[in-house]
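Assemble chain B onto chain A, guided by the hints.
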Amino acid sequence: MATAAPLVNPFREGMSLEGATQPVQLCIFGASGDLTQRKLLPAIYNLAQAALAPPAFSVIGFARQPMSDDDFRKVLTNAVAASGEVRVRDPAVLQRLCERVHYVAGDFHDAAAYGQLKTKLDLYDKQYATNGNRIFYIATPASLYGDITAKLAGAGLVKPESPQSFVRMIVEKPFGRDLASAKALNSELLTYMSEDQIYRIDHYLGKETVQNILVLRFANGIFEPIWNRRYVDSVQITVAESLGIEGRGNFYEETGVVRDVIQNHALQLMSLVAMEPPVSFDARDFRDEKIRVLEAIHPIEMSEVSKVAVRGQYGPGSVAGERVVGYRQEPDVNPQSMTPTYAALRLSIDNWRWAGVPFYIRSGKRMPKRITEIAMQFREAPHLPFRKAQLETPGGNVLALQIQPDEGITLKFDAKVPGPSMRIRAVEMDFGYGETFGSEDASPYERLILDCMKGDQTLFDRADGVEAAWALVDPVLSTWDADLNVAFPNYDAGTWGPAAADELLAKDGRSWRRL
Amino acid sequence: MAQAPTRGLTPVRVAQIGDTIVERWRTMAANLDRPQSHACVMTLIICVEDEGDNRFALDIIDQLSGKYPIRVISVGRSDKERDNVRAWVNTACEGEGSAAICSEEIVLQAGPDSDDRLVSAVRGLLVSDLPVMLWWRGGAPQGSALWNGLQPLCDRVIVDSHRFVVADADVAGDWKVARGDGAAALKVLRELVKAGGQRVSVRDLNWERTSPWRGAIATCFDDREMLSLLSDIDRCSITFAATSDAEPASARSLLMAGWLSTRLPRLREQSMIAPGTAWANLSSGRIVAITLCASASKTSLLLVRQSSPTGIEVQAHDRNGKAFRRWHFGAATLTEAQLLDGCLQTLGRDPLFESSLGSSL
Numbered sequence: 007m008a009t010a011a012p013l014v015n016p017f018r019e020g021m022s023l024e025g026a027t028q029p030v031q032l033c034i035f036g037a038s039g040d041l042t043q044r045k046l047l048p049a050i051y052n053l054a055q056a057a058l059a060p061p062a063f064s065v066i067g068f069a070r071q072p073m074s075d076d077d078f079r080k081v082l083t084n085a086v087a088a089s090g091e092v093r094v095r096d097p098a099v100l101q102r103l104c105e106r107v108h109y110v111a112g113d114f115h116d117a118a119a120y121g122q123l124k125t126k127l128d129l130y131d132k133q134y135a136t137n138g139n140r141i142f143y144i145a146t147p148a149s150l151y152g153d154i155t156a157k158l159a160g161a162g163l164v165k166p167e168s169p170q171s172f173v174r175m176i177v178e179k180p181f182g183r184d185l186a187s188a189k190a191l192n193s194e195l196l197t198y199m200s201e202d203q204i205y206r207i208d209h210y211l212g213k214e215t216v217q218n219i220l221v222l223r224f225a226n227g228i229f230e231p232i233w234n235r236r237y238v239d240s241v242q243i244t245v246a247e248s249l250g251i252e253g254r255g256n257f258y259e260e261t262g263v264v265r266d267v268i269q270n271h272a273l274q275l276m277s278l279v280a281m282e283p284p285v286s287f288d289a290r291d292f293r294d295e296k297i298r299v300l301e302a303i304h305p306i307e308m309s310e311v312s313k314v315a316v317r318g319q320y321g322p323g324s325v326a327g328e329r330v331v332g333y334r335q336e337p338d339v340n341p342q343s344m345t346p347t348y349a350a351l352r353l354s355i356d357n358w359r360w361a362g363v364p365f366y367i368r369s370g371k372r373m374p375k376r377i378t379e380i381a382m383q384f385r386e387a388p389h390l391p392f393r394k395a396q397l398e399t400p401g402g403n404v405l406a407l408q409i410q411p412d413e414g415i416t417l418k419f420d421a422k423v424p425g426p427s428m429r430i431r432a433v434e435m436d437f438g439y440g441e442t443f444g445s446e447d448a449s450p451y452e453r454l455i456l457d458c459m460k461g462d463q464t465l466f467d468r469a470d471g472v473e474a475a476w477a478l479v480d481p482v483l484s485t486w487d488a489d490l491n492v493a494f495p496n497y498d499a500g501t502w503g504p505a506a507a508d509e510l511l512a513k514d515g516r517s518w519r520r521l
Numbered sequence: 003m004a005q006a007p008t009r010g011l012t013p014v015r016v017a018q019i020g021d022t023i024v025e026r027w028r029t030m031a032a033n034l035d036r037p038q039s040h041a042c043v044m045t046l047i048i049c050v051e052d053e054g055d056n057r058f059a060l061d062i063i064d065q066l067s068g069k070y071p072i073r074v075i076s077v078g079r080s081d082k083e084r085d086n087v088r089a090w091v092n093t094a095c096e097g098e099g100s101a102a103i104c105s106e107e108i109v110l111q112a113g114p115d116s117d118d119r120l121v122s123a124v125r126g127l128l129v130s131d132l133p134v135m136l137w138w139r140g141g142a143p144q145g146s147a148l149w150n151g152l153q154p155l156c157d158r159v160i161v162d163s164h165r166f167v168v169a170d171a172d173v174a175g176d177w178k179v180a181r182g183d184g185a186a187a188l189k190v191l192r193e194l195v196k197a198g199g200q201r202v203s204v205r206d207l208n209w210e211r212t213s214p215w216r217g218a219i220a221t222c223f224d225d226r227e228m229l230s231l232l233s234d235i236d237r238c239s240i241t242f243a244a245t246s247d248a249e250p251a252s253a254r255s256l257l258m259a260g261w262l263s264t265r266l267p268r269l270r271e272q273s274m275i276a277p278g279t280a281w282a283n284l285s286s287g288r289i290v291a292i293t294l295c296a297s298a299s300k301t302s303l304l305l306v307r308q309s310s311p312t313g314i315e316v317q318a319h320d321r322n323g324k325a326f327r328r329w330h331f332g333a334a335t336l337t338e339a340q341l342l343d344g345c346l347q348t349l350g351r352d353p354l355f356e357s358s359l360g361s362s363l
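First to last, the protein sequences are chains A and B. Under the numbering used here, the residues of the first sequence are numbered 7 to 521, in order. Under the numbering used here, the residues of the second sequence are numbered 3 to 363, in order.
The shape of chain A in the complex, shown without the other chains (with noise of 0.2 Å):
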């Protein structure tokens, strides 16, 4: 029997596109936790001050700790008072977004408490006429997401209650440990919802710099063909922290930088620096190529860990003028704990576009200061027809794309010195995003929140490219973890990492950019 063509809102027609149409209802789990306070309630009240969150619209917290409505607005006009995120502070919009806030309490693992909270979204559904769309942001611990989407099935809530409707579910990294366990919760989650249901979240592709890779390499026809081993010498991506671990010792004994950097954010990065022009931008075509490229990596063998990998572990030291402990002295941390707080990586790609170009990725902690870019080195010109004394610094031209915190682009490269003589000095053309845009740029929550009100899966993970992400680094924890002898403290803080780091690239001629 043929079906009838979804009815299409003809006034929406030839309107900017950028707010959510479609009205929903966004159900929080682990609405009293920190994530939800600093990140999630902000980034909803600037989506409903932009007047992008659809006016049918309702927030629902779920946690365990007993709270009224009103205690849960309390916490929602707190979060929004106290957050730097937010930019224009409306009582009005603030007013009428609390009126629509409310709050369930219940235990995660206890079925029943999903019955009731199913009554109170069929509640408010019918009262803020949001159409049984929903959306499930799963904000807790990861070891719950698989026992959370069950008991949400069992309960009904995961189907879709019309052809017209959604259920989407939106859950946050670190998603699994290592490539077994991302597998286990992948079948899990993927028992109960499709994958067009799954918004795996990594806040790194909603920063707007990040997005902005795609258009400097895709949308200037200059780059692209430059974009190769012919031309590329080697790239460099850097996520440095000056800060230490801010008081999450038991969350970082259990991570570790592979798994709260490496394994997300950077392959991210270097994913999207490398990756082929996708046909399109919608999130089929864009995810293929991602993932493609991280399948195309070579893989790590684990004999091969010590020659591609270095890890390490910050001492004393000082950052900034300040003094500061050791990672062992930090609370929470075993004195005599073995988790790295650096890495360095030697990766490379196997295509045609990449064979040969070695991809350089380190991320630490106590950095000397905080900085995220990826560094695009060229090769050198082939012939210098300028004797080398009057090189005043080595050459080579670098394209650095720069994401924190001051978003940019720099192009390295050789300038004359003014004056009689031929004299060769490397100089940097600057282009500052705050410069030329200004300042105003929504957070990464807030754009992924929206993107997800849409049904935008572009800049979502997938669970083929987590678990490409996962099988990279691997061998790399394996390795690690078995290997236990290392002599940790092995860099001070406010240096940029061990000299094993340095020896890595050393080895093959090259030295890590000073930043």
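Hints in this document: simulated from the structure, not taken from any laboratory. The reader is advised that the hints may include incorrect statements.
DSS-like cross-link-like pairs, simulated, lysine-lysine; straight-line CA separation at most 27 Å [claimed, not checked]:
(1) A:K126 / A:K165
(2) A:K132 / B:K300
(3) A:K126 / B:K300
Positioned in the frame of chain A, the structure of chain B alone reads:
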């Protein structure tokens, strides 16, 4: 020495404008003791009516200065000037460090007979290879030598059909007379769009003023139940603020009707536009209420401007007149800076505006 027309502007000879601006940036960089880079995304030419209008326009630009690094060239006639062109410049940055947005302001004034000299000065001050926008703050521009000189330099012109009030004597050539904020203003607007052709896109601040109403209607029909009622809707009425029952339909209400009929062609013959004297305290021409009705099912959607809290209040009524859906949308009135911002954000043509204008007869 000429008197600076607004704060922060320094008088300068026209031939020295470029060098003066470069020198100002150098001085700023030296004072900061570090290399100073600044971006520029477009040249915005503002054609002002008089010195008061120049101050008003530059105040609006100030409100957007944290958003657009631009070169602004304000151009106006002054009875004080005779056969010369006077110039003032200013450079300023908002924000600090890598988030600083820097802009350049140039004010040019000349006597009433020096339009050609103003245009020649502007031509030499355009930032190379970047988009050029013209914000025309006067009435219907056709026939103006300044318009004829500046329009060919631009990629986009921004006008306000609300201001298209001209006396017969001001109109030259083949252009038709526009009188008041109504059908005649839209006729002028259509001629501007036609004259711009494929090269110059035209935007109208009056059209931007309808965007909160268009957004509200679109959002109401995002609701599935409302969308299912859409096929029944066959009539609409638009009420605009007026001081008398005899006032003709305003340009805004005509544009709104045009937009509705492009969305639902059956409304073309079933649109009613009426003056609303109950809102005489508002400036004339503003849309104050819109009703979409379904004859068969007797359902309706009523949108009304509300002053407290400000915004648009919307109710959907069933056949018994009972409200089954309510919405509130903030900010029914956009500021001049917001309207201009809407016009500066994109460069290309706006097919929705052009089709609505075409259907607003």
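Against the structure, the hints:
no. : hint            : verdict
1   : A:K126 / A:K165 : 17 Å, holds
2   : A:K132 / B:K300 : 23 Å, holds
3   : A:K126 / B:K300 : 33 Å, violated
In summary, the structure is inconsistent with hint 3 from the numbered list given earlier, while agreeing with all the others.
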